[in-house]
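**Student:** Each chain is listed here by its residues.
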Amino acid sequence: MSETMFYILLSLKQERHGYAIMQHVKELTKGRTILGAGTVYSSLGKLESDGLVEKIREEKRRIIYIITPLGAQILHEEADRIAELYNNVKELL
Amino acid sequence: MSDRKIVFFSIFRHLLPSDYENWLERMAAEGWHIDRIRQWDSVFMTFQRGKPKNYRFVYDLQFSPRQEYIATYQQFGWEHLGRMASAHIWRMEYEGERPQAFSDQEGLVDRNRRNLIAVSVSFFIFLAAVIAIGLALGFAFDSLSAGDRTQLIIAGIFFGMILFALGYIMVLMWKNLMR
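As they're listed, the protein sequences go chains A and B. So the first sequence is numbered by my numbering: it starts at 1373 and just counts up by one. So the second sequence is numbered by my numbering: it starts at 185 and just counts up by one.
Among these hints, one or two may not hold up.
As the list claims (entries may be wrong) - Sample of chain A residues with no beta-carbon within 12 Å of chain B, all distances over it, derived:
#1 T1405
#2 V1412
#3 A1444
#4 Q1445
#5 L1447
#6 L1457
As the list claims (entries may be wrong) - Negatives, chain B to chain A, calculated, CB over 12 Å:
#7 W216
#8 P249
#9 L265
#10 W358
Unchecked claim - Here are the simulated distance ranges between beta carbons:
#11 E1449/A / K237/B: 40 to 50 Å
#12 E1449/A / A339/B: 49 to 59 Å
#13 Q1445/A / S248/B: 27 to 37 Å
#14 N1460/A / R282/B: 33 to 43 Å
#15 Y278/B / E1387/A: 52 to 62 Å
#16 L1400/A / K237/B: 45 to 55 Å
#17 E1449/A / F323/B: 58 to 68 Å
#18 Q258/B / E1399/A: 33 to 43 Å
#19 A1444/A / M362/B: 52 to 62 Å
If you're looking for bench data, these hints aren't it; they were derived computationally from the structure. This one's a predicted model, so the numbers in the text were calculated from it and none came from an experiment. Backbone N, C-alpha and C fix where the C-beta goes; we use that ideal spot for every residue, glycine too.
Looking at chain A on its own, in the form it has when it is part of the complex (with noise of 0.2 Å):
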């Protein structure tokens, strides 16, 4: 999973709309990833497209999006993985 897909993900555990989802991100990142409107868009169709998010209402025409329990089972999936790779550098860090 791409770090841009891992972080929409993470950010969808409470439910947000794409421009929140970028404003999110760049606070988690201290700025240093800021996520485009083609690239939040994009992404949130394949999340969606793939049963990992969903729409739940439409509010001054932004569909706002929550992640899904099979989205949710993929993210601790992948931040497993991420915290045993953190673990086996850990020492070089």
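Assemble the complex: chain A is given as a structure, and chain B must be docked to it using the hints.
**Tutor:** Relative to chain A, chain B alone:
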């Protein structure tokens, strides 16, 4: 000096989406602006003279965008200028860091791949036409009148040239999927 500049066949002069974006950006930096993109702007595009500005443009081909497509870009501060067929043109004024609509390589490659698919569809339509003409000439040559043969040969050459051009564009797009 004229306050208007017309550019013909702009879409065929800048074949890659990134080249098209950069060309629009250079025009804006020289003070040539277009505030509304319409269907026929790929054939002739009219720019108005104004103050030079730093605009970042985005060329985004979307065959059937989802409901939130326009709103998503607008929330990020992009201005929708319009579209030529399925190609949406966006712009954003900036100072300092140049804004990006595709912040990761995957999104950029996807955007470029959609353009490649669009050209590929045209390529295969013309390929089918050239094959059909070739078969007609090969199997029914004797039964065709001289006039019909000439017309088919001319059509075959014409379609073949378009096919060659589309093939060239496909290769160019394939080699530049990452930019």
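**Student:** Which earlier hints can't be squared with this structure?
**Tutor:** 1, 2, 8, 15, 16, 18 and 19
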